[in-house]
Structures are given as C-alpha cells and as structure tokens.
Amino acid sequence: NAGVTQTPKFRVLKTGQSMTLLCAQDMNHEYMYWYRQDPGMGLRLIHYSVGEGTTAKGEVPDGYNVSRLKKQNFLLGLESAAPSQTSVYFCASSLGLGGQYFGPGTRLTVL
Amino acid sequence: RKEVEQDPGPFNVPEGATVAFNCTYSNSASQSFFWYRQDCRKEPKLLMSVYSSGNEDGRFTAQLNRASQYISLLIRDSKLSDSATYLCVVTRPTDSWGKLQFGAGTQVVVTP
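As given, the protein sequences belong to chains A and B, one line each in that order. Residues 1 to 111 (my numbering) are what the first sequence spells out, left to right. Residues 1 to 112 (my numbering) are what the second sequence spells out, left to right.
Hint data in this document are derived by calculation from the structure and do not stem from the laboratory. Mixed in with the good hints there might be a few duds.
Straight-line Cα separation of at most 30 Å, DSSO-like style, residue types lysine-lysine; simulated pairs [as the list claims (entries may be wrong)]: (1) K45/B <-> K71/A; (2) K42/B <-> K79/B; (3) K9/A <-> K99/B.
Assemble the whole structure, with the sequences as input and the hints as a guide.
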C-alpha cells in the first residue's frame, strides 16, 4: 500500500515548456486535489476532482489543466510554464470530509 | 485578510517543556478544523482533528473557540521529534467535498 505517489520528484523547465505531473493513489479515494506551496503562504488549491471523469477549478487554476481519466490517477498539466509557477506541488486524496493524504511533492523550477 | 492566519514563529521550546499556539479563522461558519504537521521539505500529514469540546491525542491537545474564531494546539513534554511546522486547516461551510483552507504554518523548534 503506497498511499499517494507523485512523479517526478524534481523538474527544471525553461519558460514556455510544457510538462505533466502524475499523481496516483491506491486507497480507492474519490476525491483528489492538486496544491501548490510557496514560501510564507499556505497550500493553495489549484484544481480538484470529486470522482473519475470530473474536475473543477480551485483557488489558483490559471496556467494549469487537469484530467482524471482513472479513479486512481490525477494529472496536472502546465501547457506553457512561467517562472511564477516555480513551486512545490502536492497532490492529495481523501474519502471526503476529513483528513487528506498527501503525496511527497514535486519541486518544480521554471527558469 | 487571509482566511486562516497563524503566527509563523519560530517557537523555540526546550525539550520537555510545553508549547501552545493559536490559529485564527475569518469565516464564522467554518465547520471542520484540523491540525497538520509538516516536516522540512516533506508533505503535510494529518496530526489531529479539532472537535468542539476539545480533544487530546497523547501529548497533543486541541481546542476550538468558536466565539473568538480560533483553534489552538498545545504540546506537552516536547520531544526533539516534535520540531516541525504545524498547519492550521479549516473547511468552508459550503464545501461538502472536503476542500481545505490552510494556514501558512507555525514553526516549532524543540532544543535539547
């Protein structure tokens, strides 16, 4: 039982490049979330999903897209990376109200 | 004003001492409250939920004060391993699917 996993762990991009972050959970959770964490700020919700095939915008969705084609996977895409997207990205999952389980994070630097 | 505010610290605590800190939230209709712990460069992990009557989990005690809109965390008999950033988390009343609002965290450093 791996919980929530994220790939890659680290990535450096140049401005304008694209990439996809993968999140996988093996707990059969319905809800999945993507957050970013920046120094001095709390985690901010980018996008979330309440079930397979559904996605919705969170607090800071601009510049990101997501897909939830399978219940266990939640993908976060950056179509044209910008330096402002340099951050640590965390994926999380939950059964609903209550605690969320987080993945180990992806450290992204955009030059 | 941020929805969830915390003193960033650091709170420097001698090993074995007690430390307590608060978190304030702006939405009086917030329904659920949690404390998460985050170690340096690691993911947040759920420490405990906070119930209306207050609750305890070992050396950790959480309290909720709805009138003044704050929650607190008290750590007794601090251990070196308690050094971490503690994140205050609340849910909005309309978010039935578990959306969380995170504070920026309070750093606790336990010293020998």
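Structure-based check of all given hints:
1. Restraint check for K45/B and K71/A: the C-alpha separation of about 22 Å stays at or below 30 Å, so the hint holds.
2. Restraint check for K42/B and K79/B: satisfied, since their Cα atoms lie roughly 19 Å apart, inside the 30 Å limit.
3. Taking the CA atoms of K9/A and K99/B, the gap is about 24 Å. The hint holds against a cut of 30 Å.
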